[in-house]
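K.L.:
Protein chains in written order, with the numbering used here: chain A, 6 to 379; chain B, 1194 to 1409.
I should point out that these hints are in silico values taken from the structure, not numbers from a laboratory. Just so you know, not all the hints are guaranteed correct.
[Unchecked claim] DSS-like, lysine-lysine: derived pairs with alpha carbons at most 30 angstroms apart:
#1 B/1254 / B/1377
#2 B/1345 / A/84
#3 A/88 / B/1345
#4 A/84 / A/179
So the chains spell out like this:
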Amino acid sequence: MNVGYGTIWFEILTAAIKFIALAIGFGMGLASILTWMERRESAMMQDRLGPNRAFLRIPIVGWRWRAWGLIHFIADALKFMTKEDFVPPGANKLLFSLGPVLAIAPAVIVSAIIPFGPTLCLGELGTPVSQLGVCARPVAMQVAHLDAGILFYFAIASLSVYGLSVGGWASANKFATLGSLRAASQMMSYEVTMGMAILGAFLVYGTLEPGAIVDRQVDFWHWGIITQPVGFLLFFTAAIAETKRTPFDLPEGEPEIVGYFVEFSGLRFGMFYLAEFLEVVFSSALIVTVFLGGWRLPATIDGLLRDLPLWAYVVIGIGVWSVKVFVFCWFQLLIRWTLPRFRPDQLMQLGWQRLLPLSIANVVVTAFVMMFVH
Amino acid sequence: MAVTVKVVDRPAGLARQTFLPAIAEGLGVTFRHFIKNWFGNTIGRRNRTEIQTIEYPEQRKKYPPRNRGLHRLMKRANGEVRCVACMMCPTVCPAHCITIVPEDAPDARIEKRPAVFEIDELRCVVCGFCVEACPCDAIRMDTGMHAWPSYKRDGGLVDMPEMLSRAAESIAVQGGVGAFWREKVKQQPQTPVDGAVSPPGAPLGPVPSSEPGSRR
Chain A
6 MNVGYGTIWF
16 EILTAAIKFI
26 ALAIGFGMGL
36 ASILTWMERR
46 ESAMMQDRLG
56 PNRAFLRIPI
66 VGWRWRAWGL
76 IHFIADALKF
86 MTKEDFVPPG
96 ANKLLFSLGP
106 VLAIAPAVIV
116 SAIIPFGPTL
126 CLGELGTPVS
136 QLGVCARPVA
146 MQVAHLDAGI
156 LFYFAIASLS
166 VYGLSVGGWA
176 SANKFATLGS
186 LRAASQMMSY
196 EVTMGMAILG
206 AFLVYGTLEP
216 GAIVDRQVDF
226 WHWGIITQPV
236 GFLLFFTAAI
246 AETKRTPFDL
256 PEGEPEIVGY
266 FVEFSGLRFG
276 MFYLAEFLEV
286 VFSSALIVTV
296 FLGGWRLPAT
306 IDGLLRDLPL
316 WAYVVIGIGV
326 WSVKVFVFCW
336 FQLLIRWTLP
346 RFRPDQLMQL
356 GWQRLLPLSI
366 ANVVVTAFVM
376 MFVH
Chain B
1194 MAVTVKVVDR
1204 PAGLARQTFL
1214 PAIAEGLGVT
1224 FRHFIKNWFG
1234 NTIGRRNRTE
1244 IQTIEYPEQR
1254 KKYPPRNRGL
1264 HRLMKRANGE
1274 VRCVACMMCP
1284 TVCPAHCITI
1294 VPEDAPDARI
1304 EKRPAVFEID
1314 ELRCVVCGFC
1324 VEACPCDAIR
1334 MDTGMHAWPS
1344 YKRDGGLVDM
1354 PEMLSRAAES
1364 IAVQGGVGAF
1374 WREKVKQQPQ
1384 TPVDGAVSPP
1394 GAPLGPVPSS
1404 EPGSRR
């Protein structure tokens, strides 16, 4: 079995390694930490302490390592795993088990097209970046190189509607069904705006492939947030509505209204919960890719790094991308406690009557500007 | 009766209708609170934050003197327990959580004393009837402590040695001072009503540790 460069086994092996590192390592890790970070950051914004008590006992010295309460995410995971697995009587057993799976699978799969670092060049890992010519054996820091990458993101993200619809229906609970109807209608409304908002970015960059979009954001003035400010705001708003975060979280509406995952407990609820945070992470990753320059640094700092060997440049690129995604997730948590929640009718009105015309107008204006510039 | 209608216009101007400047201002408020609390708390000292949380059990709020907490038994001057096993407190207890097994006391004037005095703190409704019923000032609920969590149902049982560990000497006179107690009180120097050696509400005994499963 030849695992050399160019063979199918090499592609499969590298894709598997990248997927495990990105989706499982980074995505799941950050989503789990977000379960703690949400509580702690919310507490910091509300002038109270969050969870800061769970500790790990260090064996020999016997210390209790609290780490500002970061251990709570492990405690939460253990709690979910050890709870009783309760299936409500009258629930459709197959669909009840399938609901969480259908919720979490799209959230993990969408990470496949996110570019998380500059292209690695096999065989030339040590050469400084400024001396690199055309790469003979490139390995892109992206799990799947699809020419219609962003469409893939939208296609898979649309599948997450199935998770909550199936979960709400299979619960045999009328309140859960109503909640899932709310959630499904909200998600479908804002998917249209998301697609329209990113159409402006597509016009500016000329490509739907996320790696190429990052490559074309060469300096700060080419970042998506500068070339498409209205598109960024619209896409950001629609992405928050897609992931059902506050201020659009009435479907799950924790303190006020019964949501669609009311009958799920233990690890089934854990999967819904983790799916929501995974969507937060990867929608932040997509916004960072298209609008905030991906793994790129502004051109002046980038110029200073051009003398580093390639492996260091790639590592720094991955680190920059991670920091950007983390900061953007933190920003979404900040928005949670700043804005009051929308009513469902206000939400629908916002989606269809305000954001959609604005995004179409954005596309038209962008098209005119591009026509006159070129 | 005519109904007057007042028409209120929506906020004028694009800035106010999109709420974007208001959102930015709100984000500024939350951001300021976050930075102040996170860096004031985690990295700096606590008093630079606006956090109001009291971290129980390391920090305690001051309880009022009539607060009812975990039970404790009181001692006589010679160190013996004041309780004479008269069974008034298990009789009056609405939750039936007190178990007393009496035995003979060596002193003939104090005829009985408890061999077993057990209170199931999980059943206790903290009503204080046992304190009111006791004629000997033998049981009090002024410890300011709370019933401790445990992993088993009988973790709530507190027995006599444990309640005695919080004991203090009581200066109440056994059987009372008689019908003319007001005159006697006026002649004596004023002492606090409870008369206990330590002030009420202060934690007595070891401070509970947060180890899971430890009997405190």
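K.L.:
Determine for every hint whether it applies to the structure shown.
P.N.:
Against the structure, the hints come out as follows:
no.	hint	result
1	B/1254 / B/1377	violated, 36 angstroms
2	B/1345 / A/84	holds, 19 angstroms
3	A/88 / B/1345	holds, 18 angstroms
4	A/84 / A/179	holds, 28 angstroms
When each numbered hint is compared with the structure, a violation occurs for hint 1 only.
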